[in-house]
Every structure is written in C-alpha cells, then in structure tokens.
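> Sequence:
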Amino acid sequence: MPQINLTFLGTGDNIPSRARNPTSILLRMNEENILFDCGEGTQRQFRKAGLNPCKITRILITHWHGDHILGLPGLLSTLAISGYNKTLYIYGPNGIKEKIKKTLEVFNFFKNYEIKVEELKSGLFYEDKNFYLSCEEMEHGIPTLAYSFVNKGNI
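Going by the numbering used here, the residue at position 154 of the sequence shown is 1193; the numbering climbs one at a time, nothing skipped.
It is worth saying that the hints were derived from the structure and are not from the lab.
Check each hint, because a few of them may be wrong.
[Claimed, not checked] Straight-line C-alpha distance at most 25 Å; calculated PhoX-like pairs for lysine-lysine:
no.	residue 1	residue 2
1	K1140	K1150
2	K1094	K1168
3	K1141	K1168
4	K1140	K1168
5	K1094	K1136
6	K1150	K1168
7	K1125	K1155
8	K1168	K1138
[To be verified] Restraint-style ranges between C-beta atoms, simulated for each label pair:
no.	residue 1	residue 2	range
9	I1120	K1191	33 to 41 Å
10	F1047	N1190	29 to 37 Å
11	M1177	Y1152	25 to 33 Å
12	S1161	N1091	27 to 35 Å
13	G1162	T1096	27 to 35 Å
14	G1122	S1161	35 to 43 Å
15	E1144	G1105	32 to 40 Å
Note that CB positions come from ideal geometry on N, CA and C, so glycine has one too.
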C-alpha cells in the first residue's frame, strides 16, 4: 500500500505570525504531490520543510481569499526559474480560470511549463489507480470548494 505524507506548510489565517503561515498543505503519495491552497510564504515553507516545489503535480485552491492564494504568483515564478518541466494542474471554484489568467498577465514571468486550469463543481474530478479527488461546493461568501482525497487502498 502506498505511503501518504501530509506536510502542513501553513495553518494560520490572513496575517502571518512568527509561528504560522497562511493556509497551505502538501499531500504526497507516490509520484503525486498535491498542494491544497497556496497562502503567502508557501515557497519559503517548502524550503524550510526540505521539500522540492518542482515535484508539485496539482494545486487545489479552495477559494480566492488572500490567505489561500497570495503565495501562488511567487510559487509559479519559482517553478519557472527552477526548471519545472511538466504540466501543472490547477483546480478551483468557478472563476479560477480568469483569475489565473490575470495573475499570469500581471506577473509576466517566463513560463516554460504548461498550466491547465479546471473550474470545478461538486463531484469527482480526478481518479487514478491509487486514489481519487472530489470536491463539494461550500458557502463562504464567494465560490468555495471543500476537497476530499480518498486512498483506494483503504476503501
């Protein structure tokens, strides 16, 4: 059975503190490195944890509040500078395609990798032989998703 590792890169709120960064969690299983949200300082937290951001395969954004996404421009830039060379999948609620497009326009960095953005509604959105990912639309004042990771080895 594949081993699953969870690394809490940030568990704080809008304002980073000395002890806690805004929300970001990395789930690692086999070759998958799934980042749940990307709060401010996420790329630094990767370094502190001894993790390589170039191993990220998917980014799941719950909603477009700053404490969940302000680390995204820096992380995308770091991936470009670091030679990230695979397709990066970014998932999120309604409106994320346009927001990612605008983010890429504003930060105009050289991007040598492909980004595929998918707007999700409630339900299953990714499955392979080991696990599946699903989401559920939530109430939070703006389009918001809660995500579920299910390891098929434990069903």
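> Does each hint fit the structure? Answer for all of them.
Each hint, compared with the structure:
1. Taken as a hint, the K1140 and K1150 pair is honoured in the structure, with Cα atoms around 13 Å apart against an allowance of 25 Å.
2. Taken as a hint, the K1094 and K1168 pair is honoured in the structure, with Cα atoms around 20 Å apart against an allowance of 25 Å.
3. Restraint check for K1141 and K1168: not satisfied, since their Cα atoms lie roughly 35 Å apart, outside the 25 Å limit.
4. Taken as a hint, the K1140 and K1168 pair is broken in the structure, with Cα atoms around 31 Å apart against an allowance of 25 Å.
5. The hinted pair formed by K1094 and K1136 meets the criterion: a straight-line CA distance of about 22 Å does not exceed 25 Å.
6. The hinted pair formed by K1150 and K1168 fails the criterion: a straight-line CA distance of about 31 Å is larger than 25 Å.
7. Distance check on the hinted pair: K1125 and K1155 sit about 11 Å apart at the alpha-carbon level, within 25 Å; holds.
8. Distance check on the hinted pair: K1168 and K1138 sit about 31 Å apart at the alpha-carbon level, beyond 25 Å; violated.
9. For I1120 and K1191, the Cβ-Cβ distance of about 36 Å falls inside the hinted range of 33 to 41 Å, so the restraint holds.
10. A C-beta distance of roughly 18 Å is found between F1047 and N1190, which places it outside the suggested range of 29 to 37 Å.
11. At about 30 Å, the CB distance of M1177 to Y1152 agrees with the hint of 25 to 33 Å.
12. As the Cβ distance of S1161 to N1091 is approximately 33 Å, the hint placing it in 27 to 35 Å holds.
13. The beta-carbon spacing between G1162 and T1096, approximately 21 Å, falls outside the hinted interval of 27 to 35 Å.
14. At about 36 Å, the beta-carbon gap between G1122 and S1161 stays in the expected band of 35 to 43 Å.
15. At roughly 19 Å, the beta-carbon separation of E1144 and G1105 lies outside the given 32 to 40 Å, and the hint is violated.
Consistency with the previously given hints fails for numbers 3, 4, 6, 8, 10, 13, 15, ordered from lowest to highest.
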